[in-house]
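Asks: These are the residues of each chain, in order.
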Amino acid sequence: AQKITQTQPGMFVQEKEAVTLDCTYDTSDQSYGLFWYKQPSSGEMIFLIYQGSYDEQNATEGRYSLNFQKARKSANLVISASQLGDSAMYFCAMRARGTGGGNKLTFGTGTQLKVEL
Amino acid sequence: GAVVSQHPSWVICKSGTSVKIECRSLDFQATTMFWYRQFPKQSLMLMATSNEGSKATYEQGVEKDKFLINHASLTLSTLTVTSAHPEDSSFYICSAREGWAAGELFFGEGSRLTVL
Numbered sequence: 140a141q142k143i144t145q146t147q148p149g150m151f152v153q154e155k156e157a158v159t160l161d162c163t164y165d166t167s168d169q170s171y172g173l174f175w176y177k178q179p180s181s182g183e184m185i186f187l188i189y190q191g192s193y194d195e196q197n198a199t200e201g202r203y204s205l206n207f208q209k210a211r212k213s214a215n216l217v218i219s220a221s222q223l224g225d226s227a228m229y230f231c232a233m234r235a236r237g238t239g240g241g242n243k244l245t246f247g248t249g250t251q252l253k254v255e256l
Numbered sequence: 003g004a005v006v007s008q009h010p011s012w013v014i015c016k017s018g019t020s021v022k023i024e025c026r027s028l029d030f031q032a033t034t035m036f037w038y039r040q041f042p043k044q045s046l047m048l049m050a051t052s053n054e055g056s057k058a059t060y061e062q063g064v065e066k067d068k069f070l071i072n073h074a075s076l077t078l079s080t081l082t083v084t085s086a087h088p089e090d091s092s093f094y095i096c097s098a099r100e101g102w103a104a105g106e107l108f109f110g111e112g113s114r115l116t117v118l
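Chains A and B, in that order, give the protein sequences.
FYI, in my numbering the residues of the first sequence are 140 to 256.
FYI, in my numbering the residues of the second sequence are 3 to 118.
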């Protein structure tokens, strides 16, 4: 079975500072992918970043980077230079063959991020 | 980029009625679409995988007679909540795959259902 754990229900960060959102996962598959999505209050799911299990380098996308520690089974999201518009719910998700393949994702419980002035 | 559109974005209905939610891939063909359900302040839970031209695959614990899924074409999947009750009130989100790259999985805007 696949499992994603996000232990931080809520986080506060000051504008322009960096913040790390934690994510750990559990899977018996050797090949899997890890995603981070942002969900603002409007509800849509916005794709942020992806890390494949065989990728040797940590993924980066603009202000987003993924701190991938395979041995620890963690895939933390780092947001640099936080902006007020970053305030949203953030979900970590995993795709693995054990989930039945395709793009079926298993989601964590999410972290509500609030960026303050 | 590719877009997935859901309609309606919100709907209010009376208990006992049925509600249909549409999920369309606007500029690509999607052989597989996924339906998720999200309760307030909770995570997305996969309900079923919608396969074009065949029956949907439901996750454990999801009533297939309650949540009817039809994937009649490569660009349209529908979720019908039959005989809706207040406990069915939720946010329903679909996703569709254009390709196998991570950035090629797209989510709809979601549909908020309130059953009175």
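Take the hints with a grain of salt, since some may be wrong.
[What the hints assert, rightly or not] Derived DEER-like restraints, expressed as beta-carbon distance ranges:
| # | chain 1 | residue 1 | chain 2 | residue 2 | range |
| --- | --- | --- | --- | --- | --- |
| 1 | A | E154 | B | S17 | 42 to 50 Å |
| 2 | B | S11 | A | Q169 | 34 to 42 Å |
| 3 | B | T84 | A | E255 | 39 to 47 Å |
Hints listed in this document are in silico derivations from the structure and should not be mistaken for laboratory results.
Just so you know, even glycine gets a beta-carbon here, dropped at the ideal spot from N, CA and C.
Asks: When the hints from earlier in the document are held up against this structure, which numbers fail?
Replies: none
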